[in-house]
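What follows is the residue order along each chain.
2 protein chains.
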Amino acid sequence: MPTPTSPPARIAARMSDIAPFHVMELLARAQALEAAGRDIVHMEVGEPDFPTPEPIVEAAARYVAAGRVPYTPALGIPALRAAIATFYRERYLVDVAPERIVITAGASGALLLALGVLTNPGDEFLLADPGYPCNRHFVRTFEGVPRPIRVDAACNFQPTAAHWEAAWTPRTRGLILSSPSNPTGSLIDRNDLIDLISAIEMRAGTLISDEIYHGLTYATSASSALEFTPDAFVVNSFSKYFGMTGWRLGWLVVPEAYLRAVEKLAQNLFICASAPAQYGALAAFAPSTLDMLEARRETLATQRDVLLPALRDLGFEVRAEPQGAFYIYADCSRLATDSATLCHDLLDQAGVAVTPGVDFGEFEPASHLRFSYVANVSRLQEGVRRMRQYFAARA
Amino acid sequence: MPTPTSPPARIAARMSDIAPFHVMELLARAQALEAAGRDIVHMEVGEPDFPTPEPIVEAAARYVAAGRVPYTPALGIPALRAAIATFYRERYLVDVAPERIVITAGASGALLLALGVLTNPGDEFLLADPGYPCNRHFVRTFEGVPRPIRVDAACNFQPTAAHWEAAWTPRTRGLILSSPSNPTGSLIDRNDLIDLISAIEMRAGTLISDEIYHGLTYATSASSALEFTPDAFVVNSFSKYFGMTGWRLGWLVVPEAYLRAVEKLAQNLFICASAPAQYGALAAFAPSTLDMLEARRETLATQRDVLLPALRDLGFEVRAEPQGAFYIYADCSRLATDSATLCHDLLDQAGVAVTPGVDFGEFEPASHLRFSYVANVSRLQEGVRRMRQYFAARA
Chain L
442 MPTPTSPPAR IAARMSDIAP FHVMELLARA QALEAAGRDI VHMEVGEPDF PTPEPIVEAA
502 ARYVAAGRVP YTPALGIPAL RAAIATFYRE RYLVDVAPER IVITAGASGA LLLALGVLTN
562 PGDEFLLADP GYPCNRHFVR TFEGVPRPIR VDAACNFQPT AAHWEAAWTP RTRGLILSSP
622 SNPTGSLIDR NDLIDLISAI EMRAGTLISD EIYHGLTYAT SASSALEFTP DAFVVNSFSK
682 YFGMTGWRLG WLVVPEAYLR AVEKLAQNLF ICASAPAQYG ALAAFAPSTL DMLEARRETL
742 ATQRDVLLPA LRDLGFEVRA EPQGAFYIYA DCSRLATDSA TLCHDLLDQA GVAVTPGVDF
802 GEFEPASHLR FSYVANVSRL QEGVRRMRQY FAARA
Chain U
442 MPTPTSPPAR IAARMSDIAP FHVMELLARA QALEAAGRDI VHMEVGEPDF PTPEPIVEAA
502 ARYVAAGRVP YTPALGIPAL RAAIATFYRE RYLVDVAPER IVITAGASGA LLLALGVLTN
562 PGDEFLLADP GYPCNRHFVR TFEGVPRPIR VDAACNFQPT AAHWEAAWTP RTRGLILSSP
622 SNPTGSLIDR NDLIDLISAI EMRAGTLISD EIYHGLTYAT SASSALEFTP DAFVVNSFSK
682 YFGMTGWRLG WLVVPEAYLR AVEKLAQNLF ICASAPAQYG ALAAFAPSTL DMLEARRETL
742 ATQRDVLLPA LRDLGFEVRA EPQGAFYIYA DCSRLATDSA TLCHDLLDQA GVAVTPGVDF
802 GEFEPASHLR FSYVANVSRL QEGVRRMRQY FAARA
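Chains L and U, in that order, are what the protein sequence lines are.
If you're matching positions, the first sequence starts at 442 in this note's numbering and goes up one per residue.
If you're matching positions, the second sequence starts at 442 in this note's numbering and goes up one per residue.
Please note that the accuracy of each hint is not assured.
Reference listing, derived: stretches of chain L covered by chain U, where coverage requires no fewer than 3 residues with Cβ under 8 Å from a Cβ of chain U [what the hints assert, rightly or not]:
#1 456-464
#2 484-498
#3 509-523
#4 537-549
#5 569-582
#6 672-686
#7 712-722
Chain U residues, not near chain L, derived (Cβ > 12 Å throughout) [said to hold, decoys possible]:
#8 Thr601
#9 Ala603
#10 Gly656
#11 Ala761
#12 Gln822
#13 Arg835
Every beta carbon over 10 Å from chain U, so not counted as near; a handful from chain L, in silico [unchecked claim]:
#14 Asp732
#15 Arg738
#16 Arg753
#17 Ser774
#18 Ala781
#19 Leu783
#20 Asn817
#21 Arg820
#22 Ala833
What the hints contain is simulated information worked out from the structure, not anything from laboratory work.
Note that the Cβ used here is the ideal one computed from N, Cα and C, for glycine as well.
Excised from the complex, chain L in its bound form (with noise of 0.2 Å):
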């Protein structure tokens, strides 16, 4: 018989250096004060407030009514793939075969098949800090290593070719770029991206460019590295632009070489993605959701130019303008000593969440918050007020 106590666990080595999202316990706290009758202001929220476009769902649902939900090919259908490169033709001028277009389980089933086939253990990875939290993580579940770089204002919060040079060794696999970025909202210029995919070729090194934010830009647009470059790794995701958060859909576009193994990896650790998301987002790309997205960009265009400046009122420092997703990183040392004590204090004695800035790095974390626009404007004043009042009763 199996012994009566359970054994102590075995965790794997990789585990000690994969975080938590701190946001996570932050939310179920927020959740628990909500539910015990607080209203609660939701600036820590990674997803736009909008359902999924009609025409995506109605898609989806067609699809799914006809019959049967079966397996799709691993790489995805192919409506979709030459849907997607479509798309890249018209928003970017640039022609991407079908066949280099993976579909995924959001932007992370595309990571996971990116560095599982770049990575050996050992190989290391730049990102910037502050940056996505999942990504340094993604390179550690392959017994990678993941190498931080430091951006600030200076850089616009971007790694730059000077930077790859800097931390480059014999060891530097790639470098993972997300333009973009979350928490900054910042973008890579065009030709720092020209000179970043350069510098990168140079050393055979390879750029993962992340774009899960492109579309949702203001008063700009940001560039594809697939505009410079057939050799990188490019994720995208039906998440954000899209508004299909929860229906789990990305793709990635793979070079050439490296087109089998992907498909390999893909069949192995995925089958295929969410057959009704991919029968839905075939939706994705009519004109007349294309022109829902945008009504919906201008709303958090709107949203962002609320925020922005009433948060640098309450004594927030914003050094570099965010350009893009719908975030605001924010420096609150002049209101605060540490970042994740005032999220948690303004979250129990103002009820406004904000995300404490040690989810994305370890670069100054205790001096910075994230600010997420997503909520509508009457909510974002209201989340104002209340900081605003919490700051002066704590003055």
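Please build the complex by placing chain U on the supplied structure of chain L, with the hints as guidance.
Frame of chain L, contents of chain U only:
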């Protein structure tokens, strides 16, 4: 500027140990023949030929029509975790805390989480050969070492405590059990399972029990490892029994001591499983749905009872009675010298698609084929008729 010609690929070493599905190439060929007007009998398929049950489709459609489709908690929606716990109580008479049930993107997501938290580089996992090929590739993905155990009709194609003892080394971390098995349809005997669990736990190893074909058993039923130990990782899926393949939804039952690690990994690697699939699956356990699934199980039993004697009559040898899943693993050595060639010829000359043994391991693949009996009785009979004609013409 980037270099004008692409550099050679630098593909991670793991990819040379990760094999493609050969059946995929066969499937592509079958589809090409169909596109050219040929009629093909499909006996290579790895999914039931039923639509998703209507109550599931309706529950998913209601959910997405109601508005936003946001991320769910990383471990899944609480109502679904609770419904699965109730299912364990009712069907297996075993208490599993809902907190230990993690919702995943298919069994694939569950295996990624289980092996991600268990596997250090060099750790060995034992697996049955023949067996489902992805399982060994999941181990390799995390730099673990898959160790095939040669199983045959004498042990009903299932690993035993004696196998574990004989194969164990200080690097052995655990064993992946699949019962019912793909490709053999065999089940581990209840007492053999108890002995195997004891043997593994005596060595402080961990059992991963792949139970994705549970519910699809004929004139018998499968035991869950959860009936005998709280310390196994149990992988299950809504794909096969519940008819939700294309939705990509499964679950993992996690030993208490590993829960926090699994949650961290799920947050980072997946964010969450498909929300529409999760809300759809809430209808999977309704009595009316379960009645429908039982009727389908009986249909599969009938199809097995048609195909199994017919294959034997054709000259295939089936040494262990398949009791579950929807596969028959047949020895073709009296009919052909190489199963891959036979598969190729059956497709081209007889219009019958079958999976070659090479997809299931290194133990006598050339003398085995896997037949799937998800097609209806008249199609199965047509397939048999064509094979009889083919073998007669060749004789």
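Status of each hint after checking the structure:
1. 456-464: holds (count 5)
2. 484-498: holds (count 7)
3. 509-523: That given contact holds, which follows from 6 residues of the stretch 509-523 of chain L lying within Cβ reach (below 8 Å) of chain U.
4. 537-549: With 3 residues close enough to chain U, the hint holds.
5. 569-582: holds (count 5)
6. 672-686: holds (count 3)
7. 712-722: Since 7 is at least three, the answer is holds.
8. Thr601: It holds; U/Thr601 is separated from chain L by about 16 Å at its closest Cβ, greater than 12 Å.
9. Ala603: holds, 18 Å
10. Gly656: About 18 Å separates U/Gly656 from the closest Cβ of chain L, which puts it past 12 Å; holds.
11. Ala761: holds, 26 Å
12. Gln822: holds, 22 Å
13. Arg835: holds, 33 Å
14. Asp732: Non-interface label on L/Asp732 holds, nearest chain U Cβ at 20 Å vs cutoff 10 Å.
15. Arg738: holds, 17 Å
16. Arg753: holds, 30 Å
17. Ser774: holds, 28 Å
18. Ala781: Given that every Cβ of chain U is farther than 10 Å from that of L/Ala781, nearest at about 18 Å, it holds.
19. Leu783: Nearest chain U Cβ is 23 Å from L/Leu783, so the label holds.
20. Asn817: holds, 13 Å
21. Arg820: Nearest chain U Cβ is 15 Å from L/Arg820, so the label holds.
22. Ala833: L/Ala833 is indeed farther than 10 Å from all Cβ atoms of chain U, at 34 Å.
In this structure, every one of the numbered hints holds.
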